[in-house]
Amino acid sequence: MDELEAIKVTFFQECEELLADLEGGLLAMEEGAGDLETVNAVFRAVHSIKGGAGAFGLEPLVRFAHVFETLLDAVRAGSVPNTVELAAVLLRASDILADHVSAARGLGDVDMAASAAMAAELEQWTDPNATPTAPAPVAAPTVAEEPAPAPALIGADDDAMDGDDLGFVFVPQTITVEAQAADAELIPSNVWTVSIRPKSDLYRKANETALLLRELSRLGPIKATLDDSALPLLQNLDPEAAFITWSVRLETDQDETAIREVFEFVDGDCDLEITRGEGSVEASIAALTAPAEPVAAVEPIAPAPEPVEVAPPIAPPAAAPVAEVAPAVEAAKPAAAAPAAAAAAAAPKATPVEVPGPGQSVIRVDPERIDRLIDLVGELVINQAMLAQRVGEYGIAPSSNLAMGLDELEQLTREIQDSVMAIRAQPVKSVFQRMPRLVREVANMTGKQARLVMDGENTEVDKTVIERLSDPITHMLRNAIDHGLESPEERKAAGKNPEGVVRLAALHRSGRIVIEVSDDGKGINRERVFGIAVKKGLIAPDLQLTDEEIDNLIFLPGFSTAEKISDVSGRGVGMDVVKRSVQALGGRISISSRPGQGSTFTLSLPLTLAVLDGMVVDVAGETLVVPLAAIVESLRPKPEEVRPLGPVGSVLAVRDSFVPLIDVGLTLGYREESPHPTDGVVLLVEGEDGSRAALVADAIHGQRQVVIKSLEQNYQQVEGVAAATILGDGRVALILDVDATINLRRREGGAPRPPEPSLIAAE
Amino acid sequence: MPQASTISVLVVDDQLTMRALIRNALQQIGFKDIREAPDGEEALKNLLAKPANLVISDFNMPKMDGLALLRAVRSHPPIRQTAFVMLTGRADRELVQRAVQFGVNNYCVKPFTVQGLKEKIEQVFGQLT
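For the protein sequence lines, the chains are L and S, in the order given.
So the first sequence is numbered by the numbering used here: it starts at 1 and just counts up by one.
So the second sequence is numbered by the numbering used here: it starts at 1001 and just counts up by one.
In case anyone wonders, no lab produced these hints; they're calculated from the structure.
Any given hint could be a false lead.
[As the list claims (entries may be wrong)] Below 25 Å or equal to it, Euclidean Cα-Cα: the simulated SDA-like pairs (lysine to any residue) are: (1) LYS1118/S x GLU3/L; (2) LYS1045/S x GLU37/L; (3) LYS1063/S x ARG468/L; (4) LYS1118/S x GLY57/L; (5) LYS535/L x GLU516/L; (6) LYS1045/S x GLN254/L; (7) LYS1045/S x GLU256/L; (8) LYS1118/S x LYS638/L; (9) LYS463/L x LEU373/L; (10) LYS1063/S x ASP35/L; (11) LYS1050/S x GLN254/L; (12) LYS1032/S x GLN173/L; (13) LYS1118/S x LYS535/L; (14) LYS492/L x GLY32/L; (15) LYS1063/S x GLY32/L; (16) LYS1045/S x ARG369/L; (17) LYS1063/S x SER592/L; (18) LYS1045/S x ASP547/L; (19) LYS1045/S x ARG276/L; (20) LYS1045/S x ILE175/L; (21) LYS1118/S x GLN173/L; (22) LYS1063/S x GLU393/L; (23) LYS1050/S x ALA179/L; (24) LYS1045/S x ILE274/L; (25) LYS1050/S x THR252/L; (26) LYS1050/S x VAL177/L; (27) LYS1063/S x ARG364/L; (28) LYS1050/S x ARG276/L; (29) LYS1118/S x GLU5/L; (30) LYS223/L x ARG1074/S; (31) LYS1032/S x ALA179/L; (32) LYS638/L x ILE708/L; (33) LYS1045/S x SER247/L; (34) LYS1032/S x VAL177/L; (35) LYS709/L x ARG369/L; (36) LYS1118/S x LEU373/L; (37) LYS199/L x LEU233/L.
Please read all numbers here as calculations on a predicted model, not as lab measurements.
One chain only, chain L, in its complex shape (with noise of 0.2 Å):
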């Protein structure tokens, strides 16, 4: 059963690459380029899953997939012909049919009405005569898929299950096991095809070919075939050149080498082809992939071998095993699909859905392992750094031998780091290719025209980040169809197509992952942005700023410039909420707009979540690492800058402005006393909500990558602190959780709470 189980798991993980494959195919086909060849393809994904869902029992996942399915094979067969709407709605029946496979996995709910209702159009597609099948009583409006019963079936394909037999006479042809060895015995043990094509230096040499022949023939019988076929006209003959090509049919017991060794004199003066057996593989495989011809014209297969022809030895096992099943490690041909469909699903022009090539093969591995390799370097990093700090420390010259075999260290160990985590690398398609749908349902409900084009699907980040990057990319989606475009008139009006185009795209710069979403639509209406931020109290109203600023009061909490509420991009969700989780992975989000021409996203994310850019310093003789990414900058205050509040509370006056002053040894208990601020450094930073502080430390020791070591699995949650990390001299440094250290002094009531606009519930 545990092995079913797991067959399962299989099943699902393919599932994914087939819907995959599928939505490619279909919006290939919505772009007018779908060729038989990605019908097909089409029509198999839809078919796979069906097989598989039936093979473990998973009804409504068949029963769809079904209909899907005979419509799909009538658009093969060319009976429904191919058109751009017929796409459309296929596209929608492929969003059920994911559907169906989430439920079946457990991961969610179908809304059988909507299944129904799309059963019954696909049905009238495919016989528009027919009159719909009344949809199936729908007991609740939505209804998770049962868990499947023991698989008894295996490969189902329809439901009935009404006997084996095609209703045609048939005589399974016997065979045994020991006529099939006979029959490999009959075959001589060494049959070479050599073919040689001499070029015209091989007779200017003085060589001669039936000198070669005559060599040959010393190695065993040979049989020699001439193909004239190239020898032009005799009025076009040049004399000089060669157009005779050899092909020897050769038996002997020798091996390669000693074939090759008698073209050793006209190396390179003919092009020598050495195969094993009776010419090569590709050759068959070109012949019998090639269009087939009629069955009539094949003749009976032959109950033996004709004695003329004979065939390869039976060869050692050299070429591996295709594709044994293991249960972590398996050479896998689905992965290497999903690039392919992904391709299509950007380049829809792209005609054909490609299939990837045998050779690329690609290896799964169980993530956990891959985990603990990336600890097992971050430890090798800590050692190497421990190391070079203690030859440091006694004194060893740099250009000592061991110094520079340990810079040497340094460097290898910089590329294992750099290597493993590019292993856990994964390319962002696994994100973006759930983005299509996302761009057709937010259309449909906003009633706007959109097209999604994506570039860089193959913009490759650790998959740490990957997971995190869908919730922020959907919203900046769904903003961009629901605030940033057009309704299809407005954009008519502006002498625009109707159609926008929302463009997603990923890039790396400068060792982050950036992601760019944007639209060509009306842009930011800047007075109405602004206007709102003073209405909701967020800023001043005669605050100046520049279009850059205000653009970026949209990620302001509370701010939401949707005039009616709409289901799409609110949710009682704003541009803040991303801003804040984009924060919270060490990111950055901006906005730039043109008015009339439309908005951009940029979105920019560290490369993993396994290192960390951070801030080393020293608080009541202890160090801490502050994450990069929170500083805003690092100042020594001068005494008039410090200004008392409250009974123990102080502030510092930044340039403008007022930012609570915190001690970080006193907010994490270290000591009882904080000493004055124009003792230490003060490190100002911003919190994920854009609330600013200035946190006091006794001194910076300089800007680290460090490898983060979770907190909770070692030891346990700490408020205040986010991680812990180990230094080069071994020490174990905490990391500074940023909010929740000012967060922690705000509610202690230390420090007051910053003047903060009313939050208005926006949405």
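Given the coordinates of chain L, assemble chain S onto it according to the supplied hints.
Then chain S, alone, in the frame of chain L:
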């Protein structure tokens, strides 16, 4: 009576899930030497590198489908005696007829049970032990 454990099988299907399911069924029947290939082309290369006693192949696969694989197997003398069982859907009657002309040993209509598959194989090799 041939022993299932001595018969080598090559399972050909573009679906990882189906290959795993068929492998599982074959193991239940008693087969030990089971290999897999994701399409006809890979299957043919695999067979030419190391022949098998039995091929169980799906029909609809990318690159080289089951029918083309059957033809290829029958036209390569060293492996032409390989027993070939085609997996097919109910709707593919015509396909089976063509497969018969190309010398298929047996066919098995999906969905099938482990027992059903076993019977289909036994019709080719005789009762398995």
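These are the hints, each one checked on the structure:
Of the supplied pair hints, the one linking LYS1118/S and GLU3/L holds, its CA atoms being roughly 20 Å apart against a limit of 25 Å. With a C-alpha separation of about 24 Å, the suggested pairing of LYS1045/S with GLU37/L holds against the 25 Å cut-off. Under the criterion of a C-alpha separation no larger than 25 Å, the hint pairing LYS1063/S with ARG468/L is inconsistent with the structure, at around 37 Å. Using a Cα cut-off of 25 Å, the hinted pair LYS1118/S and GLY57/L holds, with the two alpha carbons roughly 21 Å apart.
With a CA separation close to 30 Å, the supplied pair LYS535/L and GLU516/L exceeds the 25 Å bound. Of the supplied pair hints, the one linking LYS1045/S and GLN254/L holds, its CA atoms being roughly 23 Å apart against a limit of 25 Å. The hinted pair formed by LYS1045/S and GLU256/L meets the criterion: a straight-line CA distance of about 20 Å does not exceed 25 Å. A hinted pair counts as satisfied when its Cα atoms are at most 25 Å apart, and LYS1118/S with LYS638/L does not qualify at roughly 88 Å.
At most 25 Å may separate the alpha-carbon atoms for a hinted pair to count; LYS463/L and LEU373/L meet this at roughly 14 Å. The straight-line distance between the Cα atoms of LYS1063/S and ASP35/L is roughly 16 Å, inside the 25 Å bound, and the hint therefore holds. Distance hint between LYS1050/S and GLN254/L is fulfilled; the C-alpha atoms sit about 20 Å from each other, no more than 25 Å. Note on LYS1032/S and GLN173/L: the hinted pairing holds, with a Cα-Cα distance of about 23 Å set against a maximum of 25 Å.
About 77 Å separates the Cα atoms of LYS1118/S and LYS535/L, which puts this hinted pair outside 25 Å; it is violated. Straight-line distance between C-alpha atoms of LYS492/L and GLY32/L comes to about 24 Å, which keeps the hinted pair within the 25 Å bound. About 23 Å separates the Cα atoms of LYS1063/S and GLY32/L, which keeps this hinted pair within 25 Å; it holds. Among the hinted pairs, LYS1045/S with ARG369/L is inconsistent with the structure: their alpha-carbon atoms are about 33 Å apart, more than 25 Å.
For the hint linking LYS1063/S to SER592/L, the alpha-carbon distance of about 47 Å lies beyond 25 Å, and the restraint is violated. Under the criterion of a C-alpha separation no larger than 25 Å, the hint pairing LYS1045/S with ASP547/L is inconsistent with the structure, at around 64 Å. Distance hint between LYS1045/S and ARG276/L is fulfilled; the C-alpha atoms sit about 13 Å from each other, no more than 25 Å. Using a Cα cut-off of 25 Å, the hinted pair LYS1045/S and ILE175/L holds, with the two alpha carbons roughly 23 Å apart.
For the proposed pair LYS1118/S and GLN173/L, the alpha carbon gap of about 15 Å is at most 25 Å, so the pair holds. For the suggested pair LYS1063/S and GLU393/L, the alpha carbons sit about 65 Å apart, so the restraint of at most 25 Å is broken. For a cut-off of 25 Å, the pair hint linking LYS1050/S to ALA179/L stands: about 17 Å separates their Cα positions. Taking the CA atoms of LYS1045/S and ILE274/L, the gap is near 17 Å; set against the 25 Å cutoff, the hint holds.
Restraint check for LYS1050/S and THR252/L: the C-alpha separation of about 20 Å stays at or below 25 Å, so the hint holds. Taking the CA atoms of LYS1050/S and VAL177/L, the gap is near 15 Å; set against the 25 Å cutoff, the hint holds. For the proposed pair LYS1063/S and ARG364/L, the alpha carbon gap of about 23 Å is at most 25 Å, so the pair holds. In summary, the hint linking LYS1050/S to ARG276/L is supported, as the alpha carbons are separated by about 13 Å, within the 25 Å threshold.
Of the pairs offered as hints, the one joining LYS1118/S and GLU5/L holds, with about 22 Å between alpha carbons and a cut-off of 25 Å not exceeded. Among the hinted pairs, LYS223/L with ARG1074/S is consistent with the structure: their alpha-carbon atoms are about 24 Å apart, no more than 25 Å. Using a Cα cut-off of 25 Å, the hinted pair LYS1032/S and ALA179/L holds, with the two alpha carbons roughly 20 Å apart. Of the pairs offered as hints, the one joining LYS638/L and ILE708/L is violated, with about 35 Å between alpha carbons and a cut-off of 25 Å exceeded.
Restraint check: the Cα-Cα separation between LYS1045/S and SER247/L comes to about 22 Å, which is no more than 25 Å; the hinted pair holds. Restraint check: the Cα-Cα separation between LYS1032/S and VAL177/L comes to about 15 Å, which is no more than 25 Å; the hinted pair holds. A threshold of 25 Å between alpha carbons decides the hint, and for LYS709/L with ARG369/L the separation of about 17 Å falls inside it, so the pair holds. The suggested pairing of LYS1118/S with LEU373/L is violated, with an alpha-carbon distance near 44 Å, which exceeds 25 Å.
Taken as a hint, the LYS199/L and LEU233/L pair is honoured in the structure, with Cα atoms around 19 Å apart against an allowance of 25 Å.
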